[in-house]
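Trainee: Here is what each chain is made of, one letter per residue.
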Amino acid sequence: MDARTDEQLVLAVQEGDVFAFEVLVGRYQKKLHSFVSRMVSDSQMAQDIVQEAYINLYKTIDRIDAKRSFSIYVFSIARNTAISYLRQKKKHISLDMIELAEEERLYEQLVTRETQQTVRRAVAKLEPKYRRVIRLYYFDDVSYEQIAKSLQLPVNTVRTYLFRAKKILRDLLG
Amino acid sequence: MKKRRQTDVTVAVMQRIAKYEQERSGWWLRAFHTIVVLLGLVAGVFAVRLALQVRERQTLDMIALFQEDAEIIREFWADTMEIVFVEFPFETMWMLIALLFVLVFVLWSTRRKRSIANRRLSELAKRNKK
Chain S
1 MDARTDEQLV LAVQEGDVFA FEVLVGRYQK KLHSFVSRMV SDSQMAQDIV QEAYINLYKT
61 IDRIDAKRSF SIYVFSIARN TAISYLRQKK KHISLDMIEL AEEERLYEQL VTRETQQTVR
121 RAVAKLEPKY RRVIRLYYFD DVSYEQIAKS LQLPVNTVRT YLFRAKKILR DLLG
Chain X
1001 MKKRRQTDVT VAVMQRIAKY EQERSGWWLR AFHTIVVLLG LVAGVFAVRL ALQVRERQTL
1061 DMIALFQEDA EIIREFWADT MEIVFVEFPF ETMWMLIALL FVLVFVLWST RRKRSIANRR
1121 LSELAKRNKK
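As they're listed, the protein sequences go chains S and X. Residue numbers for the first sequence follow our numbering, beginning at 1 and rising by one. Residue numbers for the second sequence follow our numbering, beginning at 1001 and rising by one.
Lysine to aspartate or glutamate pairs mimicking DMTMM-like chemistry, simulated, CA-CA at most 25 Å apart:
| # | chain 1 | residue 1 | chain 2 | residue 2 |
| --- | --- | --- | --- | --- |
| 1 | X | K1113 | S | D62 |
| 2 | X | K1129 | S | D2 |
| 3 | X | K1126 | S | D62 |
| 4 | S | K89 | X | D1008 |
| 5 | X | K1019 | S | D62 |
| 6 | X | K1129 | S | E22 |
| 7 | S | K30 | X | D1008 |
| 8 | X | K1113 | S | E22 |
| 9 | X | K1113 | S | D17 |
| 10 | X | K1130 | S | E22 |
| 11 | S | K67 | S | D6 |
| 12 | S | K31 | S | D65 |
| 13 | S | K30 | S | D17 |
| 14 | S | K59 | X | E1123 |
| 15 | X | K1126 | S | D17 |
| 16 | S | K59 | S | D17 |
| 17 | X | K1126 | S | E22 |
| 18 | X | K1019 | X | E1123 |
| 19 | X | K1130 | S | D2 |
| 20 | X | K1130 | S | D17 |
| 21 | S | K59 | S | E22 |
| 22 | X | K1019 | S | D2 |
| 23 | X | K1130 | S | E15 |
| 24 | S | K59 | X | D1008 |
| 25 | X | K1019 | S | D17 |
| 26 | X | K1129 | S | D17 |
| 27 | X | K1129 | S | E15 |
| 28 | S | K31 | X | D1008 |
To spell it out: a stretch of chain X is covered by chain S in this simulated footprint if at least three of its residues, at any positions, have a beta carbon under 8 Å from a beta carbon of chain S; those stretches are:
| # | stretch |
| --- | --- |
| 29 | 1018 to 1027 |
| 30 | 1118 to 1127 |
Don't read these hints as lab results, they were simulated from the structure. Source: prediction; values computed, not measured. Using N, Cα and C, we set each Cβ at its ideal position, and we do this for glycine too.
Next up, chain X with everything else stripped away, as it sits in the complex (with noise of 0.2 Å):
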């Protein structure tokens, strides 16, 4: 009877999971900070357009009345917020603000996957170092 032949299979399929798991992990790393930068750079220019167009419309001066007097104070309080709502870029400021919140949701929800991924590339670094 012919007999089996049976090689040890450890070192080719942990050398073919290194390689799937460096270029898995290294996607979806590459594909997480991307996405932050880009959400980042997109939150960034909401902030800057909203800070222009508050100093553009000056609207922010509006509450240096809170500096005056408490009998001013109480005579124009409620005009004077109610331009300030009326003139303040809301749109702009709820877009930085859906940002953010999206932003923060992301590094929130991931962390526990990134600290997996960098787990994984620095064993495997480490044991390509060996």
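One chain only, chain S, in its complex shape (with noise of 0.2 Å):
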């Protein structure tokens, strides 16, 4: 741990002391990435401006004051250069999340169908007083009393034959 202060640091940097940055990088590096994950939230885009936001502030270095307090430049160099970084990926960025969405979409459409098709299956395994309960109860949307009533069976024992039918779904998808 270097007990050099910012002040002291950035003099020698500005004396020629290129390690001295070092230092300042490292005393810096948390608090700059989380006060810019504030402005991004993407933790990767955030280091990427941390870095550049280091290299933007060592190439002005030598205009410092250094007896002003540093931390007001880091964090102002950081603000500027995640501003700047978001302008300029800013149609990448919204290209990309367009194709992403649409993929991301496509995907689940899959998923879908290929859930549906399967459990469609499994229940046309099931017997038919319980294939007909589960299609009238999950997907006809009927509640427990209208099917009992259509099945003209006890409205508890349609929950029973729900519940074994669910059993066996359940053991049949796996």
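Got two chains here, each in a separate frame; can you build the complex from them with the hints?
Mentor: Following this line, the structure appears as structure tokens:
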């Protein structure tokens, strides 16, 4: 751990000690990362911005007044870097997001379709009394009472059939 | 909630800074040396030209008067000095002085920046050796 203050480190960098900057990088990187993360939400992007901010900071360090608070410079450069980074990436991000969303939607549709087919196949394997109850309750959205009425069964029997049917389906679907 | 991944950026940042600094300080020192060498060369050309013109016109031979007796010096020194002033290639001499002044100014005004650039490069070279 380097005991030098920020002011001493900035002066050292200005005097040609390149590796004094390394101490400053280590000292501020966590704070900067969480600061930038609040602006961009993506951790990897935040890391890239932090790196870029440090490079920008180093490029201008000769013009920094070492007596003034170093953290003010660091955070304002990080904020400006994040803003320009976001501005630059804006178009790419929106295009990427559209493509990603479309891919996700397509994948979800495929998964849903496949799941539906698997469930239907499993339902078809059930005994007719269970199959009827399942279809009415889940596919046709009919209540216990209405199923009981239409099948002329007691409500509790409908519940039992449903319970047993679900158990069999669970086994069939693995 | 997704956990945020954060890795140490120090190494990556310092690698980029080392590269940037090598390019910047290296370029600056090369530019400085080029300017100094060019100024020195041009000053050299003017110095040679001045010397040739003085030798050709034999202007400085007139100053040999001051090796004569005091009486002769007293009688001819004013005319001799006038001839020297008329014949001496002052344009070339002022150009030479101006160039030397610029050269000294460049060396003086960049002394701090030069030592910083040299220190940065030597530090980077030391780190590279390790």
